[in-house]
Amino acid sequence: MSVTLEQLEAFLREPPPRNVPPNILRRRLRHSLGWFGYLFGAFFVAFGSLFVVIFFPWRLAEELSLDLGSPVRAMAAIVACEKTSMEINKSPVYRASYQFHTAGGQQIAGTCYVTGKRYSEGETVAAEYVADKPEWNRLEGGHVNAFGYFGSFTALFPMVGGIVLWLSWGARRRAVQLLRDGQFALGRVKDVQATNVTINKQRRFRVLVEYEAAGQPWTARYHAYGEDVELARRHQANGEEIGLLYDPERPHRVLFAESLLG
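In our numbering, the protein residues as written are 1 to 262.
Just so you know, the hints here were simulated from the structure itself, not pulled from any lab data.
Treat the hints with caution; some may be incorrect.
EDC-like mimics (lysine to aspartate or glutamate), calculated; alpha carbons at most 16 angstroms apart, straight line [as the list claims (entries may be wrong)]:
(1) 83 with 121
(2) 190 with 228
(3) 117 with 140
(4) 190 with 240
(5) 190 with 210
(6) 190 with 212
(7) 133 with 67
(8) 117 with 82
(9) 133 with 63
(10) 133 with 87
(11) 190 with 230
(12) 201 with 227
(13) 190 with 241
Turn these sequences into a full structure, and let the hints steer you where they fit.
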């Protein structure tokens with residue numbers, strides 16, 4: 001939906017807080033991720049959470065205690081060793097069940113994962129355990145978690161999705177807030193400089209604009225793309241004042257009113 005000059009003038013004449021029409025909000029958000037950001041973020045959260053459930057090392061504290069501490073060694077008898085559906089570097093992963101006695105004579109039953117080697121029932125192998133927590137144990141060379149520490153990286157997927165969701169929500173919230181509560185002012189564009197950053201094949205520019213906010217002179221520096229850059233350059237070249245909305249609580253946040261047309 002387009003925004004006409006009459007619609008924009010009527011919108012700007014409203015005293016804050018204004019009602020923000022969908023077409024004006026859409027024009028404001030045209031450079032943001034929009035609904036794609038929400039869908040992309042939600043997909044990564046859902047898809048990544050599935051991987052976390054399957055691969056994340058939930059017994060991470062045990063693994064770290066055994067790797068970084070000074071575990072006690074004991075001899076364990078294999079009770080069972082079953083092949084899982086998992087592989088690491090094309091080597092099958094086995095789930096071994098075993099029993100051993102601590103130095104104090106306590107009998108402990110444990111399970112861990114071993115890669116590439118299958119133990120036989122009744123076989124005696126070396127095990128290790130945390131002295132004050134013998135329930136934290138594993139066979140030597142084995143892992144408490146099926147994929148060791150590698151599974152920790154699966155947490156990155158829902159984290160990335162969450163960050164995208166948060167950024168999309170934040171961009172929309174700030175856009176609505178500026179349109180709803182922004183104060184109108186006239187300013188002058190003082191400088192338009194290209195940066196070395198390109199987003200979605202559009203060069204990012206740094207725009208410098210001066211105006212008055214609540215009777216005080218202010219200078220705003222913000223990033224602009226495409227149409228906004230041409231708008232700023234045109235007003236700078238002609239020496240014309242430009243209408244803008246600024247955030248009364250953060251006057252450095254501004255929006256060219258004319259950029260909402262189209």
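Exercise. So which of the earlier hints does this model not fit?
Worked result: 10
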